[in-house]
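Undergrad: In case you want the letters, here they are:
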Amino acid sequence: DAKTTQPPSMDCAEGRAANLPCNHSTISGNEYVYWYRQIHSQGPQYIIHGLKNNETNEMASLIITEDRKSSTLILPHATLRDTAVYYCIVSPTPSGSARQLTFGSGTQLTVLP
Amino acid sequence: EAGVAQSPRYKIIEKRQSVAFWCNPISGHATLYWYQQILGQGPKLLIQFQNNGVVDDSQLPKDRFSAERLKGVDSTLKIQPAKLEDSAVYLCASSFIGQGSDEQFFGPGTRLTVL
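From first to last, the protein sequence lines are chains A and B.
Just so we're aligned: 101 in this note's numbering is position 101 of the first sequence, and the numbers increase by one with no gaps anywhere.
Just so we're aligned: 49 in this note's numbering is position 49 of the second sequence, and the numbers increase by one with no gaps anywhere.
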């Protein structure tokens, strides 16, 4: 069962910020929020992750609400190459082995020229 | 740094035939994953290896699917016999335990069509 809820699709104008929401109301204290994206005909690609603080890297920013029940991935200046399916995943910190990811259906982001 | 390699990229077989997929993870990555992605859905984990041992194969249909990772490097996923519902993209991923992000690196996938 997916632990996250995302809109199935969104559009964004090229050059504008893309804000992708994710609800994870049942998240527990040791679960991180991960974002991956999958461009057509490619494997998924890691974007960013966080526990409770906002995070930023060269690709995106992640805003997590104070109660941790939802988050938003922000692509500050979307380009046509950002058109992809974006997956929000909550994942517990594993003990003694590598992390597992449970993918939902994601959000299809289409960046329009 | 070379990425995760998979072969073949495409495979078409008839139902009840057998098929095998190969994966070469990123050098030094102890953990290897196989996922199945049916059209329109997110990837579903089939099996997770750590070195050459199985960590989790709870979602692997063991009556027809098998996987091995000899010597803790390359891995092979086999389907025998294939069914129509096995048509999907099979993704391999690897990760390095201890890296801060626990990032999984995915290969390009093998697209299987069962006729």
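If you are wondering where the hints come from, they were derived from the structure by calculation, not from laboratory data.
Watch out, some of these pointers could steer you wrong.
Stated by the list, open to error - List of simulated lysine-lysine pairs, DSSO-like, C-alpha gap at most 27 Å:
{"no.": "1", "chain 1": "B", "residue 1": "Lys11", "chain 2": "B", "residue 2": "Lys62"}
{"no.": "2", "chain 1": "A", "residue 1": "Lys69", "chain 2": "B", "residue 2": "Lys44"}
{"no.": "3", "chain 1": "A", "residue 1": "Lys3", "chain 2": "B", "residue 2": "Lys44"}
{"no.": "4", "chain 1": "B", "residue 1": "Lys83", "chain 2": "B", "residue 2": "Lys15"}
{"no.": "5", "chain 1": "B", "residue 1": "Lys15", "chain 2": "B", "residue 2": "Lys44"}
{"no.": "6", "chain 1": "A", "residue 1": "Lys3", "chain 2": "A", "residue 2": "Lys69"}
Undergrad: Looking at the structure, which of the earlier hints fail to hold?
TA: none
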